[in-house]
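Asks: Residue-level listing of the chains:
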Amino acid sequence: MEYLRLLFLIMLFWLTFGVNAESVDGIDLIPDDNELGFYTVRIRLLPYALPENPGYNKPVPIVVKFSFKIFAEGKWLVDQEDINFPEEILVKEYFLALKNLENVKDLEKFYDYETNVIKQKIFENDKKLFDSVTRNYSQFSDIRLIGSIKYGYYDLLLTQYLHNSGRDQTTSIGGFIAINLDDGYKITDGPGITGGDMIFHNLFRTEIRDALIEKIIEEFF
Amino acid sequence: MKKYKKFIYVLFLLLINTIASAQDIGVKLVEDRSDPSVRTVVLSALPERLGLDKPGGEPKQVIIELRLKLFSSAPQWLLEKENVEILEERFVANVFQTHRSMQTVEDLRDILLPEFYSRKQETLMDSSAVREQTWPFKKFDDIRLLGSIRYSYYDFFLTQVRNTDGKSPPKPWIIGALKQEDGEYKMTDESPYFWLFRGGDNSTRAFLSEDNLRDILIQALLEMFDTQ
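Top line first, the protein sequences correspond to chains A and B.
Here the first sequence is numbered in this note's numbering, starting from 1 and rising by one per residue.
Here the second sequence is numbered in this note's numbering, starting from 1001 and rising by one per residue.
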């Protein structure tokens, strides 16, 4: 189980910090004519570690494009009665469940089948990890959903957290991976756990995530 | 053992899911109107879900665009060519020749960036280490340059090396390089190569497995040359 714990920690690390290998050189949001609230995000990326003596070549970025859904109202969700989007309902309920977590079984209804089996195993065998997850969420008082990156059938939900304490309330950002199944929106580790489909992690990377959230807040909130 | 069976089964499903995800990659080469030697490589990825539940909604693609430069519409084997005029072709031919024939690490000094060379000096200290480095190249007798991918200041030369047996298909090889102020190329260490083709560069590692992107790109280029 040590191995699984390691995998899980790597996953958490990826989701939390990404890897600082690149910088965002430009970001555009292009509205989708066919679907309201949907945008094509176009991001230009350059590596961080540029050579000191680059000669006369101009640096050429690579371009990454993906579909993005914006939740423009960006309501803080904990005290919100009137929530329409299933993504927001999932985020709110999952957040509250994590904050008040006493038993790993309380999370069962939020996960898809595969994720459930794996998460249960990991938490059952590693109480310390279980405690650290619950401790982590206890420092936040509220959450809101900024938007979701669409990749295949997966939604990479970008969230912002409100911290409990302090006069100037600070926020931090994070996210969950979700999928819309017959029995509703579910949190999934789906393709992430075995580490094969790395685009998943890529789209959750700190640089892209931060640049997107800044851009959205600047343009819509 | 019994209690792990279900767990192993799920891991197996995830593995299948992952393999399927990694395989579904499309590639298109789009001509640049302002420069006939440039193509935009459009790579599109779409994961499939082969798990137990049926997902709803329309799947969305993620697209990565790379800039590709062509040096010839019909790349030739360079060592059998009498006069190699294109700078980039001379560079890859020289890199290939040097790797095949080197006797000591000193032979690499002219083709590597200084910091890369210093590291090589540490790893290729004796003749057996040098032999280990050169022997894979002995199986090949020629090289040709298909194109180069630009990422930041770096050029990644997409090449093929030819098998000496005359039967096996040519093998793809990517050489990372940095153009110097004097206009000459020097081979880079692995780090920018990893960014783009394998490891740390998260935006592209989705497609990579090194073999995956390299082979997709080279296959697309060969098809393009064939149809020109």
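These are calculated hints, taken from the structure and not from any lab test.
The beta-carbon is built from N, C-alpha and C at its ideal position, and this holds for glycine as well.
Hints may be right or wrong, so weigh each one.
Stated by the list, open to error - Here are the simulated DSS-like cross-link-like pairs (lysine-lysine), alpha carbons at most 27 Å apart as the crow flies:
#1 B:LYS1139 <-> B:LYS1120
#2 B:LYS1028 <-> B:LYS1120
#3 A:LYS58 <-> B:LYS1138
#4 A:LYS58 <-> A:LYS75
#5 B:LYS1028 <-> B:LYS1060
#6 B:LYS1060 <-> A:LYS75
#7 B:LYS1167 <-> B:LYS1060
#8 A:LYS215 <-> B:LYS1060
#9 A:LYS99 <-> A:LYS127
#10 B:LYS1138 <-> B:LYS1081
#11 B:LYS1186 <-> A:LYS58
#12 B:LYS1138 <-> B:LYS1028
#13 A:LYS99 <-> A:LYS65
#14 B:LYS1069 <-> A:LYS65
#15 B:LYS1139 <-> B:LYS1186
#16 A:LYS109 <-> B:LYS1060
#17 A:LYS65 <-> B:LYS1028
#18 A:LYS65 <-> B:LYS1138
#19 B:LYS1179 <-> A:LYS58
#20 A:LYS58 <-> B:LYS1060
#21 A:LYS215 <-> A:LYS75
#22 B:LYS1139 <-> B:LYS1028
#23 A:LYS109 <-> A:LYS121
#24 A:LYS109 <-> A:LYS128
To be verified - Now the stretches of chain B that chain A is said to cover, found in silico as 3 or more residues with beta-carbon under 8 Å:
#25 1057–1069
#26 1145–1152
Asks: Work down the list of hints and note, for each, if the structure agrees.
Replies: Cross-check of the supplied hints:
For the hint pairing B:LYS1139 with B:LYS1120, the CA-to-CA distance comes to about 22 Å; that is within 27 Å, so the pair holds. Taking the CA atoms of B:LYS1028 and B:LYS1120, the gap is about 37 Å. The hint is violated against a cut of 27 Å. The hinted pair formed by A:LYS58 and B:LYS1138 fails the criterion: a straight-line CA distance of about 36 Å is larger than 27 Å. Distance restraint check for A:LYS58 and A:LYS75: the Cα-Cα separation of roughly 43 Å exceeds the 27 Å cut-off, and the hinted pair is therefore not satisfied.
Restraint check: the Cα-Cα separation between B:LYS1028 and B:LYS1060 comes to about 17 Å, which is no more than 27 Å; the hinted pair holds. Of the supplied pair hints, the one linking B:LYS1060 and A:LYS75 holds, its CA atoms being roughly 26 Å apart against a limit of 27 Å. Straight-line distance between C-alpha atoms of B:LYS1167 and B:LYS1060 comes to about 42 Å, which puts the hinted pair past the 27 Å bound. Simply put, A:LYS215 and B:LYS1060 have alpha-carbon atoms about 21 Å apart, close enough for the 27 Å limit, and the pair holds.
Restraint check: the Cα-Cα separation between A:LYS99 and A:LYS127 comes to about 16 Å, which is no more than 27 Å; the hinted pair holds. The straight-line distance between the Cα atoms of B:LYS1138 and B:LYS1081 is roughly 19 Å, inside the 27 Å bound, and the hint therefore holds. Straight-line distance between C-alpha atoms of B:LYS1186 and A:LYS58 comes to about 17 Å, which keeps the hinted pair within the 27 Å bound. Proximity of B:LYS1138 to B:LYS1028 is assessed by CA-CA distance (about 34 Å); at most 27 Å being required, the pair is judged violated.
Restraint check: the Cα-Cα separation between A:LYS99 and A:LYS65 comes to about 34 Å, which exceeds 27 Å; the hinted pair is violated. A distance of roughly 21 Å separates the Cα atoms of B:LYS1069 and A:LYS65; the hinted pair therefore holds under the 27 Å criterion. Taking the CA atoms of B:LYS1139 and B:LYS1186, the gap is about 24 Å. The hint holds against a cut of 27 Å. About 26 Å separates the Cα atoms of A:LYS109 and B:LYS1060, which keeps this hinted pair within 27 Å; it holds.
For the given pair, A:LYS65 sits about 15 Å from B:LYS1028 by alpha-carbon distance, which is consistent with the 27 Å threshold. Taken as a hint, the A:LYS65 and B:LYS1138 pair is broken in the structure, with Cα atoms around 42 Å apart against an allowance of 27 Å. Distance restraint check for B:LYS1179 and A:LYS58: the Cα-Cα separation of roughly 11 Å lies within the 27 Å cut-off, and the hinted pair is therefore satisfied. With a C-alpha separation of about 32 Å, the suggested pairing of A:LYS58 with B:LYS1060 is violated against the 27 Å cut-off.
A distance of roughly 17 Å separates the Cα atoms of A:LYS215 and A:LYS75; the hinted pair therefore holds under the 27 Å criterion. Only pairs whose Cα atoms come within 27 Å are accepted, and B:LYS1139 paired with B:LYS1028 is rejected, the gap being roughly 32 Å. A distance of roughly 16 Å separates the Cα atoms of A:LYS109 and A:LYS121; the hinted pair therefore holds under the 27 Å criterion. Note on A:LYS109 and A:LYS128: the hinted pairing holds, with a Cα-Cα distance of about 22 Å set against a maximum of 27 Å.
Three residues within the 8 Å Cβ limit are the bar, and the stretch 1057–1069 of chain B against chain A gives 10, so the coverage statement holds. For a cut-off of 8 Å, the count of residues in the stretch 1145–1152 of chain B with a CB near a CB of chain A stands at 3, and the three-residue condition holds.
Of the numbered hints stated above, those contradicted by the structure are hints 2, 3, 4, 7, 12, 13, 18, 20, 22, listed in ascending order.
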